Amino acid sequence: MAPDVLISEEDIALRVEALGKAITEEYQGQEVTVICVLKGAFMFCSDLIKKINLPVKLDFVALSSYGDGTASSGTVKMELDLAESIKDKNVIIVEDIVDTGLSMKTLVQLLEARGPKTLKVASLLYKPSKTKHSVSIDYMGFEIEDKFVIGYGLDYAGRYRELPYIGVLNAGN
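Heads up, the sequence shown is in our numbering, so the first residue is -8 and it goes up one at a time.
Hints are computed from structural coordinates only; laboratory data are not their basis. On a predicted model such as this, the values are computed, not experimentally measured, just so you know.
Per label pair, the in silico range of CB-to-CB distance:
| # | residue 1 | residue 2 | range |
| --- | --- | --- | --- |
| 1 | 74 | -7 | 29 to 39 Å |
| 2 | -5 | 121 | 16 to 26 Å |
| 3 | -4 | 122 | 16 to 26 Å |
| 4 | 150 | 106 | 36 to 46 Å |
| 5 | -7 | 124 | 27 to 37 Å |
| 6 | 124 | -1 | 24 to 34 Å |
| 7 | 19 | 133 | 17 to 27 Å |
| 8 | 103 | 41 | 19 to 29 Å |
| 9 | 129 | 37 | 13 to 23 Å |
| 10 | 22 | 150 | 30 to 40 Å |
| 11 | 0 | 75 | 28 to 38 Å |
| 12 | 47 | 101 | 19 to 29 Å |
Glycine is no exception: its CB is placed at the ideal position from the N, C-alpha and C atoms.
Build the full structure now, drawing on both the sequences and the hints.
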């Protein structure tokens, strides 16, 4: 059985376009450095930077707090660090989902210490009912209930990232 569709491909495309427009308006005439949080945010980030009508530099970080399970382990590990300095840059962190907020809070603290001119967060998904660590999301795609979601870059044990929509696994998957 296929996962149940929670957010359609069309709804994602419309929201990504709106977020790109908001970023373009806020940073008019300036360059932005987009930091894609791997692996989950790669599809969102790829689509988002195409909708930002500004010069964009792209860099990547990888964090780990899930392993192969469905619940955060409570420990955030930096698996891949930035290739470039972000000092005095307009930085936008692009994340797939803010759940407990621990990963994003940790990443924001690490990057703030590197002296960016501005530091904002764009997250495709946000689960307010799971939040334990306060995080400011400047560009939010969708607020969702506490369900384990897959697709559009998000995975379960390395599977389902390729789906063009956000889905929920049911018992048959």
